[in-house]
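Protein chains in written order, with my numbering: chain A, 1 to 113; chain B, 1001 to 1597.
Mixed in with the good hints there might be a few duds.
[Said to hold, decoys possible] Pairwise CB distance ranges (calculated):
hint	chain 1	residue 1	chain 2	residue 2	range
1	B	E1150	A	N13	48 to 54 Å
2	B	Q1036	A	N13	44 to 50 Å
3	B	A1420	A	A51	35 to 41 Å
4	A	G105	B	I1276	54 to 60 Å
5	A	K104	B	P1242	36 to 42 Å
6	A	A51	B	K1250	20 to 26 Å
7	A	I108	B	G1202	29 to 35 Å
8	B	L1278	A	A51	19 to 25 Å
9	A	P91	B	Q1246	50 to 56 Å
10	A	K52	B	R1299	51 to 57 Å
11	A	I108	B	Q1036	49 to 55 Å
[Unchecked claim] Computed footprint of chain A on chain B, listed as stretches where at least three residues anywhere in the stretch have a Cβ under 8 Å from a Cβ of chain A:
hint	region
12	1197-1210
13	1255-1267
14	1297-1310
15	1357-1365
Don't read these hints as lab results, they were simulated from the structure.
Small disclaimer: the values here were computed from a predicted structure and weren't measured.
Glycine is no exception: its CB is placed at the ideal position from the N, C-alpha and C atoms.
Now for the letters of each chain:
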Amino acid sequence: MDLIRKKRAEAVNRIISKGYLSTKRVYVGMATCEIAAGSKEVMAVFQDAIAKGLTDVYLSQKGCAGRCNLEPTVEVVEEGKIPVKYGLVTPERAREIIERHLKKGEVIQEWVI
Amino acid sequence: MADKQYKLTFCDGSGCLKNHAREFRQLFEEELRRHQIQQNVQIHLSGCLGMCTKGPILIVNPGYIMYGNLRPEDAAEIVQEHLVNGRPVSRLIIQEDHLYNRFFRIFGDSEFFGRQMRIALRNCGVIDPEKIDDYLAMRGYEALAKVLTEMTPQQVIEEVKKSGLRGRGGAGFPTGLKWEYTAKQSDPEKYVICNADEGDPGAFMDRSAIEGDPHTVLEGMIIGGYAIGSRQGIIYIRAEYPLAVQRLKKAIEDARREGFLGERILGTDFSFDIRICLGAGAFVCGEETALIHSIEGFRGMPRPRPPYPSVSGLFGKPTLINNVETWANIPVIIIDGADWFSRIGTATSKGTKVFALAGKVRNTGLVEVPMGTTLRDIIFGIGGGIPNGKKFKAVQTGGPSGGCLPEKYLDTQIDYESLAKAGSIMGSGGMIVIDEDSCMVRMARFFVEFTQDESCGKCTPCREGTKRMLEILTRITRGQGKPGDIEKLERLGTMIQKASLCGLGQSAPNPVLSTIRNFREEYEEHIHQKKCRARECTALLSFVVQDNCVGCGACKRVCPVNAVSGNRKEKHSINPNLCIKCGQCYDACKFNAIAKV
C-alpha cells in the first residue's frame, strides 16, 4: 500500500515536472473514432505550434469522451478556470484556438460544446 | 456584483430530489434574481452524482467547489458570499473523492455529459491512455494494492458480490457469483479472460473504454486473478481494433515495468501476467465457449453448457470470463466500496451501464447512466431528441439479439429485468434510435441478415432457420409477401429460439419477433396492401411527377433506363413499366416535384 502511494506520488511529480500545473493544458481526443474524424491533423497543428515556440502549454492526448457527432474534440483546461471544450475542431479552428485562446486567453464561444 | 461568470451544477438525481433539491434550486434562483446576477450565472442540472446521502448538492465552477447537505436558508448565504463577494462558504463545502468525479470536473457542465454518471468510463477523455503516470495519478492501481495488502481473496469476492455488479456483456449474470464458483475449483491452474470481442453493429463501448483507459481493464483483471487464484490472464480482442490493441500492448508493457504485472506483483507473493489474443472478427466468438475454442486454436463454435467455463473452460481449466465494462467497474468497487456502488441503480441492477447511442438522434455518442434511467431521459434528455422534427418510432436495444421498443415503452427504467419484460434485452449496450422514416420490416431484415451471416452453422435451426426467415423477409420487402408469412415467421422464430444451443441462435429471431409484436400493422401493410409507410422499400413505391414540376429535365438526364419523358419547361412523367425504382430522379429533383407513393 505504501509502495503504491509512493508510485503515485512519483507519477504525479513526473506529470508536474512536464509543466502540468503552471500552464494551460490542451487535450486532443485520439481514439479511433476521433482520428477518423480528423484529430491527427488537429494534433499536428498543436505540435507544430509548440515546435515553433508556443510556450506555457501542456499538450496531451486522451481517449474518446463519447461526443461522437462533434468530434474531433479539444479541451483547454486551466487551473481555477472553467474547462473549455471545443467540438468539430479542424486544423483551421485549431490554429485559431492557438491564436485567440492560448495566446490571448479568449474563449471562442461559438465552438464550445 | 460578481464580475465573472459562474457555472452552477445542481444535482437532479432522485436521491437529491428526495432531499428537496428542487425547492432549494427555486430558492436559489430567487436569490440570484434578488441580487440581479442571474445573467452572470449559468445553471445546469446533472444526473445522479452518487452522493445521495449528502444531497442536495451544488457545484460551483470555476474551482469545482462542491456544496452539500444544503438547507433552504443556505441559498442566500451562498449567493451573497460566494457569487457576489467571491468568498466560498467553507462551512458548507464537502470533500468527496469518488473516482468518477474526475470526469465530471471537466465535462460536468454540459448538457450531454452532465446528466451522465461515469464509472467504467471515468477516465475516458480525461487522461492520456498511453501514459501509465496519468492513470497512477487518478489513483490507478490503488485498488490492486489495497486488495493485495489488505484483503483476502475471499473478501474480494464478498465485496464484488455485495456490490451487486452483474455481467455487462449482456446476460447480466451476477459477477460475484461467477468469481465464487471459479474460486471454489480446486484445480491449481486457472485462467482469467477479458471478453473484448465486441461485435454488435453500431456498438463501440468496449473499444472506447480500452482506447481511453486500458489500465483499468488490466487492473480489474489482476484483481480477478488474485480473487480466484489464477496466474494467467488473456484479453480476447478483435483484430479490427488496431489502436485498442496497440494501447493495450503499451499498457501491459508499462504495467510490467512498474511491477503491476509479472512475478511477485508489488513485492507480494502473487504473480499474474496478461497476454493478448487476437480474434478474427466472428460475431459468435463473443459467446464464451466459442471464444474459448478460438483461443485454443479451434474453430469458434459454442458447446453445450454445463460444464460452465468456471468449472471447465480454457484448456479444460476453470476460467473466469468477464466483459471489458465489467472489469472496468472492479477498481471502483474496491476503492469506493460495495456499499457506495450498490446504492446506485435499481433493486436488481446496480451501478451504471454504458450505451452507444446512435441512429436518428441529435447527439450521438457514448453514454454512461445509472441503471434505472428511463429510455426517454437518454434519448430526449442526453440524446437531444430526434433531428429534423421527425417523430420517434422505436428504439432498438441489444443489437442483433435485442428487440425494438415503441413509444409506449419510453418510460421504462433501464435494467436487465425491465428491458426483458418489455421484450428486448440489455445486451452489451447498443442503442439505435429509429424515426418515422425507417421501415421496421427492413430493420428486422437487416439484423437477420447479420445473424444469418454470422451463424457458425453448428445447429440446424439457427443455420437454416435464419436463412428461411431472411428469405421470407426479403420477399415481404420486395412486395411478394404472402398471407400467412407473419405466422410462419413467428413459428420459425420461436422454434429457433428453443432449439439453438447458444445465445446467438436463441436471440437471433428477437428483432423479427419484437417488430411483429409491436409493429404488426407494418408487416400487414407490406403483405396485403403492398405498401411501406416509411417509404423505404423501393419495390413497393412508385415514383410520380407532381404538378409543381418545372420541366428542368434534371430527372430525365439521370434516369438510367430512360423512363422519364417530357418536353423542356413542361411537366415530365415517369413510365412505371420502365422504372426500376432506383430513386435517382428523386434525389436529382431540386423542386421536390417527384413523390414516392
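Flag every earlier hint the structure violates by its number, smallest first.
Violated hints: 1, 3, 4, 8, 9, 11 and 14; rest satisfied.
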